[in-house]
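S.K.: For reference, the chains in residue letters:
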Amino acid sequence: GAGVSQSPSNKVTEKGKDVELRCDPISGHTALYWYRQSLGQGLEFLIYFQGNSAPDKSGLPSDRFSAERTGGSVSTLTIQRTQQEDSAVYLCASVRGSSYNEQFFGPGTRLTVL
Amino acid sequence: AQTVTQSQPEMSVQEAETVTLSCTYDTSESDYYLFWYKQPPSRQMILVIRQEAYKQQNATENRFSVNFQKAAKSFSLKISDSQLGDAAMYFCAYRGKDSNYQLIWGAGTKLIIKP
Numbered sequence: 001g002a003g004v005s006q007s008p009s010n011k012v013t014e015k016g017k018d019v020e021l022r023c024d025p026i027s028g029h030t031a032l033y034w035y036r037q038s039l040g041q042g043l044e045f046l047i048y049f050q051g052n053s054a055p056d057k058s059g060l061p062s063d064r065f066s067a068e069r070t071g072g073s074v075s076t077l078t079i080q081r082t083q084q085e086d087s088a089v090y091l092c093a094s095v096r097g098s099s100y101n102e103q104f105f106g107p108g109t110r111l112t113v114l
Numbered sequence: 115a116q117t118v119t120q121s122q123p124e125m126s127v128q129e130a131e132t133v134t135l136s137c138t139y140d141t142s143e144s145d146y147y148l149f150w151y152k153q154p155p156s157r158q159m160i161l162v163i164r165q166e167a168y169k170q171q172n173a174t175e176n177r178f179s180v181n182f183q184k185a186a187k188s189f190s191l192k193i194s195d196s197q198l199g200d201a202a203m204y205f206c207a208y209r210g211k212d213s214n215y216q217l218i219w220g221a222g223t224k225l226i227i228k229p
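Respectively, the protein sequence lines represent chains P and V. Residues 1 to 114, numbered by the working numbering, are exactly what the first sequence covers, in order. Residues 115 to 229, numbered by the working numbering, are exactly what the second sequence covers, in order.
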């Protein structure tokens, strides 16, 4: 596809369950970001991948959160033992390269933890 | 640490009129980028306009323009001839040029267009 895609669009889970959120960046984009957006708030940085470099995980709120990027393309954000405060929209963005500025965003995954 | 502040949680404007959204930021860096993003109800974040700090000329994109005041650390967005499709959340964001590849985001301003 031409843009960044994310799946699922919506996810409802029970407290304590694990969830996986997927991001397919634009083909050829080497940089990928995950953000969390709580209701009515701005974006909170979670993690950043750039090429084959070690990811910047400085924004992950706890060790229940992890992410990987396979083959420099698709990325999966995993949240273990979900809590109600994890409920938010999770946005993924890709960038052509580290010297470029524009982040292209996916439509996000709305996660609801009951 | 850099911060971005949007002091207007919500703004409303009559269709076809002009509205200005405010953004201020704090940084010790001399060169950086500033952005305005639009997020409609579809959740898709869309880049509206960007400004490079070393450029004195204000960026414009059709009906959208910015008033960049570097000394005052202000970066407001002006939307002329407002249209119903402009209704969305608008976010101001900052990126340092050299050391910081992350975007620092404001909390957003909800723009309502009155028909």
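Hints were generated in silico from the structure; no laboratory data involved. Backbone N, C-alpha and C fix where the C-beta goes; we use that ideal spot for every residue, glycine too. Check before you lean on any hint, since a few could be wrong.
Said to hold, decoys possible - Selected chain P positions facing chain V (in silico; Cβ < 10 Å): (1) Gly28; (2) His29; (3) Ala31; (4) Tyr33; (5) Gly42; (6) Glu44; (7) Phe45; (8) Lys57; (9) Gly59; (10) Pro61; (11) Phe65; (12) Val89; (13) Val95; (14) Gln103; (15) Gly108; (16) Leu114.
Stated by the list, open to error - Computed spacing ranges between beta-carbons, pair by pair: (17) Asp56(P) - Phe178(V): 37 to 43 Å; (18) Val12(P) - Ser156(V): 16 to 22 Å; (19) Glu131(V) - Ser38(P): 29 to 35 Å; (20) Gln197(V) - Gly51(P): 38 to 44 Å.
S.K.: Compare the structure with each hint and give your call.
M.R.: Going down the list of hints, with the structure as the test:
For Gly28(P), the interface hint is violated, since its Cβ never comes within 10 Å of a Cβ in chain V; the closest pair sits about 18 Å apart. The closest approach between the C-beta of His29(P) and any C-beta of chain V is roughly 14 Å, which is over the 10 Å cut-off, so the hint fails. Interface restraint check for Ala31(P): the shortest CB-CB distance to chain V comes to about 8 Å, inside 10 Å, so the restraint holds. Checking Tyr33(P) against chain V: minimum C-beta separation of about 8 Å stays under 10 Å; hint holds.
With a least beta-carbon distance of about 4 Å to chain V, the hint placing Gly42(P) at the interface is held under the 10 Å criterion. Given hint, Glu44(P) at the interface with chain V, holds; its Cβ is 8 Å from that chain's nearest Cβ, closer than 10 Å. Among the interface hints, the one on Phe45(P) holds; its C-beta lies about 5 Å from the nearest C-beta in chain V, closer than the 10 Å criterion. Interface restraint check for Lys57(P): the shortest CB-CB distance to chain V comes to about 12 Å, outside 10 Å, so the restraint is violated.
Using the Cβ-Cβ criterion of 10 Å, the hint placing Gly59(P) at the interface with chain V is satisfied: the shortest such distance is roughly 8 Å. With a cut of 10 Å, the hint placing Pro61(P) at the interface with chain V is violated, because the nearest CB-to-CB distance is about 15 Å. Of the supplied interface hints, the one on Phe65(P) is violated, with its beta-carbon coming no nearer than about 17 Å to a beta-carbon of chain V, more than 10 Å. Residue-level restraint check for Val89(P) holds (minimum Cβ-Cβ distance to chain V is 6 Å; threshold 10 Å).
Nearest Cβ of chain V to the Cβ of Val95(P): about 8 Å, under the 10 Å cut. The hint holds. Interface restraint check: Gln103(P) against chain V, minimum CB-CB distance 7 Å, threshold 10 Å, status holds. Because the closest C-beta pair between Gly108(P) and chain V is about 4 Å apart, less than 10 Å, the hint holds. Given hint, Leu114(P) at the interface with chain V, is violated; its Cβ is 21 Å from that chain's nearest Cβ, farther than 10 Å.
Distance hint for Asp56(P) and Phe178(V): a CB-CB separation of about 31 Å, inconsistent with the stated range 37 to 43 Å. At roughly 20 Å, the beta carbons of Val12(P) and Ser156(V) sit within the given window of 16 to 22 Å. Distance hint for Glu131(V) and Ser38(P): a CB-CB separation of about 32 Å, consistent with the stated range 29 to 35 Å. In this structure the supplied range 38 to 44 Å holds for Gln197(V) paired with Gly51(P), their Cβ-Cβ distance being about 40 Å.
In terms of the numbered hints stated before, the structure departs from hints 1, 2, 8, 10, 11, 16 and 17, listed from lowest to highest.
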